[in-house]
Amino acid sequence: MLSQTVVNRLKEIVGEKNVVTDKVGLLTYGYDGTLLSGEALGVVSPHTTEEVVEIVKLMNEHNIKLVPRGAGTNESGGTIPTQDSVVISFTKMTKIHEIDTENFVAVVEPGVINFDLQVELEKRNCYFPPDPSSYKASTIGGNVGECSGGPKCFKYGVTRDYILGLEVVLPNGKVIQTGGRNFQSEPAYDLTRIIVGAEGTLGLVTKVFVRIIPLPRAKKTMLAIYDKVEDASQTVADIVAAGIIPTTLELMDNLLINTTEDFSHAGLPRDAGAVLIIEVDGYPEDMDPQVKTISEICNKIAKEFKIAQSAAEVDQIWTSRRCAFGSVARVRPSYGVNDITVPRSNFPKAIQGVLKVAKEYGVTIGVVAHAGDGNLHPLVLFDQRNKEEVETVHAAEKALCMMALDLDGTVSGEHGIGLVKKKYLDSEFTPAAMGAFRKIKRSFDPSNRFNPGKVFEL
Amino acid sequence: MSNVNISKLKAIVGDNNVIDSPSEMAKYLKGKGKPAVVVLPGNTSEVSSIVKLANEQNVKIAVGGTVAGTKGLNGGIAMVMSRMNRILEMDHLNLVAHVEPGLLHKEFLLKVGEAGLNFPPEPYEVETSSIGGCFAIGDSDSKSFEYGPTRTFLLGFEMVLPTGEILEIGNKCIKNVSGLDFIHFAVGSQGTFGIFTKLLVKLLPVQEAKRAVIGTFTSIHKANATFNTLIKRNVQPTRMNLLNASLAKNAISGTEGQLVIIDLQGFKESGKNIANEIAAVLTLGGGTDVKIIEDEAEYDQVINGWLKVRAELNGKPEQTLEFLVGPAKMPQALTQLEALTGDLGAYPGVVVEGLLGYVCLALPEGTDKLALAAKVNKLAMSLGGNIKGLLGHKLKAEAYNDAEMWQQTIGLLQELRQQFDPKGILSPGVSLEA
Ligand SMILES: Cc1cc2nc3c(=O)[nH]c(=O)nc-3n(C[C@H](O)[C@H](O)[C@H](O)COP(=O)(O)OP(=O)(O)OC[C@H]3O[C@@H](n4cnc5c(N)ncnc54)[C@H](O)[C@@H]3O)c2cc1C
Ligand SMILES: Cc1cc2nc3c(=O)[nH]c(=O)nc-3n(C[C@H](O)[C@H](O)[C@H](O)COP(=O)(O)OP(=O)(O)OC[C@H]3O[C@@H](n4cnc5c(N)ncnc54)[C@H](O)[C@@H]3O)c2cc1C
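Residue numbers (this note's numbering), protein chains in the order written: chain A, 1 to 458; chain B, 1001 to 1434.
Pulled out of the complex, with its shape left as it was, chain B reads as follows (with noise of 0.2 angstroms):
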């Protein structure tokens, strides 16, 4: 099974950053896999010449952050590139910073912070997510309403492609339309296009205030229904975000009912007024024990609390499900879903991000997701959205009977992937069918 030269890889990262004793590998690697050796590159050069040997042997290669995740190997390589962390600048005149790929994001987060700066993207992994997979996954968190989603953030990279060649790509210039836009095409591509091995990321300058506020509620309808009321108000927060009963005691502890969590950066000197409209939104919605938290230690508190249940989640994406519908929709859909879960307010998890429209459940055992997917995307759909990313596209496509959208679509993501990789050589673990 061992098809991969390992006295090569030694020789390329040296014998150290070679791992193939199982017991050694295992804290490595994710899922049911069984790649015959992790190594950990230093350096892009390396990178390269792991990847052009990989072709040469035609073995797989899965990357990952700290942890690969072996999906789809069978032998093959798995790729850590947590060596791979340093912050090659920080760039204060142009707000840019250029980084490797295995920083993991809260370091980063700290480094920035300490310059005085701001790096909004926030992945549901806080405690393990390398900087190198949150542009590999792409995605929006509950701030994207207001700092646009993780691509939003990309200026540049360089990469090893599939065939070991290294691309390098982007400036610091935060307006550029040169070329095909590669930069942000390559954001979500999840390995399939090549690995990155520098990033060059857009800040901004630190949020000087932040503020909450917080409510409870014994019903999710009502709570939800005060983010409508501050839609209508023209209200934006940084973000507008609800808990059911069942996830809001695991942020704070101690809650009882359904938390609601609103978070203000910036308004510097709006903020308190924006706080005191919001809390009287939440106060006269029904909400209880509403509260203004300006004490920075409490902020931290309440979004750590928010991150952490969040996290979680992310943790089991099969027994999850995750769907968008226009924010004013929410009312409406959560209503009609109720139809299909029973009570949300005691199902095992319901997350909303209010700007954003989107939820996520947490299903109970024994949930046949897919049959739920197809039911929950109708609602979707009705009110203007869909469950989220592929599966949700080949949901609408077959609710709208278009099974000649879905094959383009597939078709041409697979024609993209398959000029990118040849050879099959990347990332054997993502599928794009749904």
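Looking at chain A on its own, in the form it has when it is part of the complex (with noise of 0.2 angstroms):
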């Protein structure tokens, strides 16, 4: 518990509306993404750099860890407050500072949603490309703490593309400012791409100048359906192969096709194997050539092929994709995301691996997948009040992870390690490379004091 004089001091630092102690506030802070919960002593929402700064010092006087949470719908127990800990919420911090499209910057606090910033960039004909499936609720400094993907990344990369410089709080309560509003203007390390990707454990991000880029003229969006799964990563291959990189190449298998047919009636065949979700982008120009190659391409061996004709048919091809996950719910009350990533070759062999994990551990999964990143997400559906299935779900997520190495491949490419996957740390890297984690981490914190045990134990 926090003491009297902590409480009240952080309630002069941020407001008396702003300090949540009670029992029934914190339990909404205790959840993430995941299914994993916990308690914080409290739980404290700044409105400016200068408040977090007090708060990051009365907490250090008073030994008292912090844990920083954007929206919380991180996947991997990121915003956990496990050890005694109190919880710094940036759902306050909403500013839009500056939007400057002839620039291509713009200067946001870490509480503005994705999707309020794509709003106002998108009148302004422009957009940030990083677009986590979660963008209507996620936070600019939740994508920043995960380093977040997307639908986008094959063609535009990830969340440390587009961050060219931070207003960082340290865990001994000094600003720092890393990059700036330009590329080239890191001093000497690149100090904002150590921060992007580090979960909240090197330092609490309190601005952050973003890259935007007009939005592009065209776009094609196109669907095809399999009879097998083999035949999506098939297209795939050949469409890198001919040397075109689209801007999304999504997966769902045919558990996935019937679950969102329940729930979305987007018409799809629930007899298909899978479908691919295909855009392209740029010059309007520069569009047919490419849908031509890519008809070609998928004609040979999708069972169907189409091209959307219009907005309303563009929404339809995406109705259920975006609601995938939610959609599994229908048939197991809980559902666990993996995020397994391989090389793009391997992705045939990481879908059969998918495929024999289910069979030998006895469970359900449904995958959808960012196909050209070879990302997955295998989507393992259980009942969590079986006590016995949980642990079962368990195991079969580890098996996904060990299958995600033994490709080659990493057991997160976009939702983060947090407490979650922090285990299977130990099999992905070498000791050298945990070591050069740990030298990283008491350079900025080597008290421990920004979420503690996320990642991996110091």
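No lab work stands behind these hints, which were simulated from the structure alone.
A hint or two may mislead.
Partner residues are not named here, just some residues of chain A that face chain B (Cβ under 7 angstroms, in silico) [stated by the list, open to error]:
#1 K11
#2 C147
#3 G150
#4 R181
#5 Q184
#6 G197
#7 A198
#8 C323
#9 D373
#10 A433
#11 K439
Computed list of chain A residues with no C-beta within reach of chain B, every gap over 10 angstroms [stated by the list, open to error]:
#12 S3
#13 D116
#14 K349
#15 G374
Using N, Cα and C, we set each Cβ at its ideal position, and we do this for glycine too.
Got two chains here, separate frames each, mind docking them using the hints?
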């Protein structure tokens, strides 16, 4: 429990309403996108960098740890308060300071919801390419924390590629600025890059300089339907071999086709083995030749192929994908989201591996994948109330991670490590690499005060 | 002074790969430092053994691609990576290559091109740069708006740490957020975190279509104004560069006036229309001899001219000053700059990379660089930018009167370096003080 002195001081810093210490209030901050939970000593929501600095200093005086939190949608347990800690919630820091389209930069506070920024940008014919499927809820600070991906990474890259600079409050309570508004503004080491994806373990991000780019002039959305998942993987390989870099290559397997159909009635054939959503963008003149090549590739092996002819048809194609995660809830009450990623050439093997794990452990697994990136989200379905089943699911998820590592992949392509995948890190990394992570953490946070115990133990 | 045990080094890499006669050493060295010996390792385990030996004997090591900088060496070892120059793998399915660090960038580019692939990072020393050096320096080039800076193209590496320990990290996945991002953090560390011994590099499909539009202008301001027009018209070519008159004639002989070079890579079908639009903007903006170049040889000639000028400037870091502002702020920047420099058209050198908002000035003989830097930084800051790199950071902190921020930043950088290299073995010439 927090002492009354600390609580009072916190209230002085951020205002009475922005400190939570009651049981019910704390409960909501004990969860995230995973099934884990924990209880914080308190929750504090600052409005400014100065308030963040005051909070950090106060916590240091009392030797209390801090867990940074955006919208809490992460899939890795990254915001679960474990060790006696206070949650610092950035949801009150929601100002968009500036949007400067001609200089391709926007300056925002970390609590800005990705979607809210996109809406403002779209009015100005611009966008911020990282758009995790959770973009309607997740914050820019959280996107930075996880180095989030989304459906456009194959062409546009991940969050890391769109952060020009950061304002960061360090664990000692001091503020630094990394990078700036332009390329090439890093001071010697690329501090921005190490903070992106550090899951709040190195510093608290209080301002973000994001790179924005003009919306593409044209876009074409296509849908290919296959008998077998392998055929869809073949299409992915063929498109890449043809020298085309689509923005999107999203795949769903038969299970997901059916659950999303139950939910959205988008008209996908329920007996199909897989669907692939393919999108290309760029100048209008460059669209037709690419679409032509892609249709030739797909028509060779797909059971059905169509090109969206209107905005409504584009929407229809995306409807299923957008509700994918939620839709499985009709089958079983709970699901575990995995985030394994393999080299693109091993994608077919990874799909086989998923089927094998499902069979061996007797669990139901559906697959959504960013196929161009080799990034699979096997959703393992179960009932959380059944203890035994939960154990089996954990074992199956471990098997999935080990399978990805055997295929020269990684346990996380975009969701991060947090608590959930921490136990696999020693399998993925050599002791020397783990040592490098610890050296970095020690340089920033020698007393292990920010998000302790996440990603790895110091 | 020969504090290095030469016979032990010879036992590690073989007699032929240890050079300690001063006349022989010279061709592997640049700078005024005096290493005791040059060593050319042939593989990772040799690199590791050399670093361990240096630790035992407490001597410093400077690393270089084909030539090692000797700054900070008085005795000690200069390690040259040029024997480690193999392409270990070219993987078409995953669009990646596995290469050794001593491979020359230009040779890699050749092989990548033959494979029908593309490696966009473009060092300013195109003739001599090694792949290891490219990633050790990091940085952006005038194509980075489209392709991203150098780090975008690193997926993993093998590195010998300052203790001699070998670290491997990364894989062929284009998305990977496991652990901390040491992969990209190591880019730009200039050999202070460790010595790259293998690099896993991301590639792209080759750009089938290439076009350039060039034009000359009597006024540098008019030339530069066309960039703003293009940004306003929502045209983003691959690069959009400007050389002032003094440099332009070195790029393309016979050029009179300020030269605009606009490069369009990709844009297979749209390129014709975009090139026409750009040509019209240049002509309306006061350009003469505006020309669309589609012929491959002529295109290469233009781009190579540009690269030649960049390399010349890159060779004289003491005489150049680089800053950044928002791309659309460039007209204001150049106008205000003239108050400090006089006529920019006649200045020894002005390079503008329009899409990045980057300017490189070649300074007249006898310029007090630091004094000018302070003024230029102020100007750049008022337009959302700063002098490039560590110096810019320092000047910015000074301008904010924020000694604390500077101390924190520099303290953090030094702590990181210290954590990796507690004995201060590697890259003694690299300073983290601006
Ligand atoms: C339905 C659904 C779909 C999803 N789809 C995708 C997807 O397509 N791609 C993808 O990559 N992810 C996806 N995610 C995962 C998640 O939404 C992302 O990781 C998102 O970026 C998290 O943002 P958040 O605001 O919820 O952050 P949180 O979950 O609150 O925090 C994420 C991490 O960042 C840290 N953090 C938060 N704010 C700060 C700050 N200001 N300073 C320092 N550290 C901070 C936290 O400590 C934590 O470690 C999905 C999640 C769900 C539930
Ligand atoms: C996109 C891009 C933009 C660039 N922009 C600039 C610029 O604006 N200004 C500029 O000065 N240079 C710039 N460069 C770098 C410049 O061209 C360098 O001279 C070149 O890339 C370095 O290669 P090199 O083999 O000559 O390295 P060297 O000159 O030998 O070494 C350069 C640095 O890298 C380290 N190094 C070399 N090899 C290794 C290795 N194997 N492992 C670890 N460290 C190593 C050295 O210790 C040294 O600190 C840029 C490079 C790229 C790729």
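Hint check results:
no.	hint	verdict
1	K11	violated (27 angstroms)
2	C147	holds (5 angstroms)
3	G150	violated (10 angstroms)
4	R181	holds (5 angstroms)
5	Q184	holds (5 angstroms)
6	G197	holds (5 angstroms)
7	A198	holds (6 angstroms)
8	C323	violated (23 angstroms)
9	D373	holds (5 angstroms)
10	A433	holds (5 angstroms)
11	K439	holds (4 angstroms)
12	S3	holds (30 angstroms)
13	D116	holds (23 angstroms)
14	K349	holds (12 angstroms)
15	G374	violated (6 angstroms)
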